[in-house]
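Asker: So you can see what is in the structure, the chains are spelled out below.
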Amino acid sequence: MAKDMMKAVIEVDGARVSFGAVKALDGVTLSVMPGECIGLVGHNGAGKSTIVNVINGGLTPQEGTVASDGERLDRYNITIARGRGVRCVFQELSLCPNLSIVENTRIMHHELGGFGWRAKAAKVIEKSLDAVFPGHGIDSGQPVGDLSIAERQMVEIAMAFSDAGIAPRLVILDEPTSSLDASLARQMLDHVRRFVASGGSVIFISHILHEILETSDRIVVMKDGRVVAERPAGEFDHHRLVEAMGSVANDDAFQRSARELAAAPVVLKHQAAGLPFTARQGEIIGLAGLAGHGQTELLLALHAAQSNSWWPRRDPLVTFVAGDRRLNGVFELWSILRNFSIASLGDLSRGGVVRTADEAERGADWKGRIEIRTQDMDNGILSLSGGNQQKVLFARALATRAPVILMDDPMRGVDVGTKQEVYEIIRQEAAKGRSFIWYSTEMDEVRLCDRVYVFRERVITAELVGDDVNETNIIAASFEGVAA
Amino acid sequence: MISFGRLAKKPWIWSWIAAFVVWFATIMVTGGASTLGLSQAALTFAAFSIIVGIGQMFVITLGPGNIDLSVPATMTLAGTVALKLMNVDNSMVVPGLLVAVLIGVAVGVGNYALIKALRIPPIIATLSMSFIVQSAAIWTNRGLRIKPPAVLADFTTSSTLGVPNVALVALGLSLIAWVLLEKSVYGRWISAIGQSMAAARMAGIPVDGARFVTYLFCAVLASVAGYLLACFSGGAALNMGAEYLLMSIAVVVIGGTAVAGGDSNVPGIWGASLFMFLVVSMLNTYGIGAGIRLIMTGLIIISVIMLAGGRRTGMR
Chain E
0 MAKDMMKAVI
10 EVDGARVSFG
20 AVKALDGVTL
30 SVMPGECIGL
40 VGHNGAGKST
50 IVNVINGGLT
60 PQEGTVASDG
70 ERLDRYNITI
80 ARGRGVRCVF
90 QELSLCPNLS
100 IVENTRIMHH
110 ELGGFGWRAK
120 AAKVIEKSLD
130 AVFPGHGIDS
140 GQPVGDLSIA
150 ERQMVEIAMA
160 FSDAGIAPRL
170 VILDEPTSSL
180 DASLARQMLD
190 HVRRFVASGG
200 SVIFISHILH
210 EILETSDRIV
220 VMKDGRVVAE
230 RPAGEFDHHR
240 LVEAMGSVAN
250 DDAFQRSARE
260 LAAAPVVLKH
270 QAAGLPFTAR
280 QGEIIGLAGL
290 AGHGQTELLL
300 ALHAAQSNSW
310 WPRRDPLVTF
320 VAGDRRLNGV
330 FELWSILRNF
340 SIASLGDLSR
350 GGVVRTADEA
360 ERGADWKGRI
370 EIRTQDMDNG
380 ILSLSGGNQQ
390 KVLFARALAT
400 RAPVILMDDP
410 MRGVDVGTKQ
420 EVYEIIRQEA
430 AKGRSFIWYS
440 TEMDEVRLCD
450 RVYVFRERVI
460 TAELVGDDVN
470 ETNIIAASFE
480 GVAA
Chain S
0 MISFGRLAKK
10 PWIWSWIAAF
20 VVWFATIMVT
30 GGASTLGLSQ
40 AALTFAAFSI
50 IVGIGQMFVI
60 TLGPGNIDLS
70 VPATMTLAGT
80 VALKLMNVDN
90 SMVVPGLLVA
100 VLIGVAVGVG
110 NYALIKALRI
120 PPIIATLSMS
130 FIVQSAAIWT
140 NRGLRIKPPA
150 VLADFTTSST
160 LGVPNVALVA
170 LGLSLIAWVL
180 LEKSVYGRWI
190 SAIGQSMAAA
200 RMAGIPVDGA
210 RFVTYLFCAV
220 LASVAGYLLA
230 CFSGGAALNM
240 GAEYLLMSIA
250 VVVIGGTAVA
260 GGDSNVPGIW
270 GASLFMFLVV
280 SMLNTYGIGA
290 GIRLIMTGLI
300 IISVIMLAGG
310 RRTGMR
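Heads up: the protein sequence lines correspond to chains E and S, in order. Residue numbers for the first sequence follow numbering that gives the first Met the number 0, beginning at 0 and rising by one. Residue numbers for the second sequence follow numbering that gives the first Met the number 0, beginning at 0 and rising by one.
Since no wrong hints were added, every one of them can be taken at face value.
Result set (DSBU-like, lysine-lysine): computed pairs, CA atoms no more than 30 Å apart in a straight line:
#	chain 1	residue 1	chain 2	residue 2
1	E	K366	S	K182
2	E	K418	E	K222
3	S	K115	S	K182
4	S	K8	S	K182
5	S	K8	E	K22
6	S	K9	E	K366
7	E	K418	E	K22
8	E	K431	E	K268
9	S	K8	E	K366
10	S	K9	E	K22
Simulated from the structure, these hints should not be mistaken for lab results.
Construct the entire structure; sequences and hints are all you get.
Answerer: Pasting the structure below:
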């Protein structure tokens, strides 16, 4: 094949990386050819982010080599990687929130120096945004902090594909679509194909398997720091991919059980813009629509209306699972255990003093129930991979006694196996009478809900119940009233 | 030796090592003759910094931007008003203390009212509050210097079993602070708020309640320190709190508390307060002039912070 004759953009051979006792990479060999898109899949903590960090120069492997265009690179770091056109979109968003999009562009591209850099930078980023997300409507003079999480991700993706002198040759996309709704994800995936067709290379990491299957040329499956399967995408289907990752496919999990809830007592009411919002006991309610159209704002309003900032509530009605975990989720200085227990300290204390034995016991119980991958719950929260941090936030909310759980797209960056486990826990808890209000950007999750409110321009425009909850209806409702 | 490795990772250990080194260097010069005297003096003078430092530490724990600059004025007002009320009468000791505490409560409420209701940043709010409080102190004091009741004057200047009484008071307050910070739900709350106010709010923590109590606690500790200091020094003076503005912040920082909030410790306040006093007495013992002494003090403080700070970033 012609591709074998070409030289790999980046070639990693036998990379080993360990953090203390944890082997993050155990001899990984991976080469990226020009003009191909590699899909990289695996559970949280399988080593995907670590190999990405080796390729982008952020991490030097303890063993193994990195080569580029056929020459072995003994000194390899982020600057050298960027010079060779390696770009990365991180799972954790990495733009400076206090700077404008243009200023962030200047930081990313050292080439954009000198007089009139603002105009140059604006041109570079706007060109790229227009190419990846036509009709994006983002003003490049805005501070990044004012953007919604979806818009921030769009800017970050456009940043990686932008060209300010050194053309991108290999773009690494780590969970790029996790905050994007279906139409934006579509635009990005189309751009990936165009970029690959013009000779660029892409490493694409996603837990949304159909995206991987339709976009990649070759799929690499990782598990416990090793590559366990590497084949052309055509030889995989959804089922085989899940099997290769080492979790049992469970199609039933995507089936919603038909339940009669119209008679259940109402636990929460809110007069939002548009249709009134109500939640009944034991209901799983979905908030759908395009990303950033007021779903998160509704959750925050519900939470604010039910909590008191002066005095702790003895029996709080609602609890919250963050999606933007760096903004309103984790406490970075704390251990996993403390991050887990903070919302249920009322139950774990006597006379205002925390009973640490009870705290540790409950922590160990949830560590097992939701499989938090750590040797010790006293390790720092940041020692966990992103998906595992998210599990801790989930456990934090579920361990409270609050009957209503608000979820702000909490499954970002969580792997398929874990998702199934969490869906099962949600179902069990709902059967016991807990209510879930669930904003999700993933159609599969919205379909699990008993009732769905569809948002459009910060207004609830439609309510779908039971069998009406399906992709066609949701998409139709999401785009209704566009003319107005 | 096994525990030394763990001990070396504690953020407060550097202030203790520094305090010990300076203490040792001072008694070496005098050939060990001043050991007891120096130690007692250090404990006595450190006690006041410890009490105000603990309050400041709780406020700093609340995260970036949180600081209480009204500490010196509160000390002055509490000392002045309490001594005036007691009027050298031994039977008025308890009412005097109560009035001092009430002044602390009033200042704390005022501080948080400015911060919350008027949305003024804490640094400005507490500074403006301190002007009001200081003016009130000037107005009540009117240049008079009233002596403390004999009982209090004796108590604050004498020792029990060789340990100065004020140091015992500071120890008692430190124990309460330690339990609050390390063991209580409230301690978890303020640490959480210091790391991320948004996340704390979404975790169901009563953010305003916890912050309010913290500013209250700081002001009350400052007024108690003012009450004790006025009695110890034989009367309230209008500038008696002045040096405690910088001192209260310095002991928190040297003690290894994260300036960015969320991570605090009580033992460090002790190490740092002893160190701050001992540095000055060491330089005095060496007979160094006032100007050089100030420069040296500054340099020594900077080097301790660098040592402690460098170690802590490595830990994370």
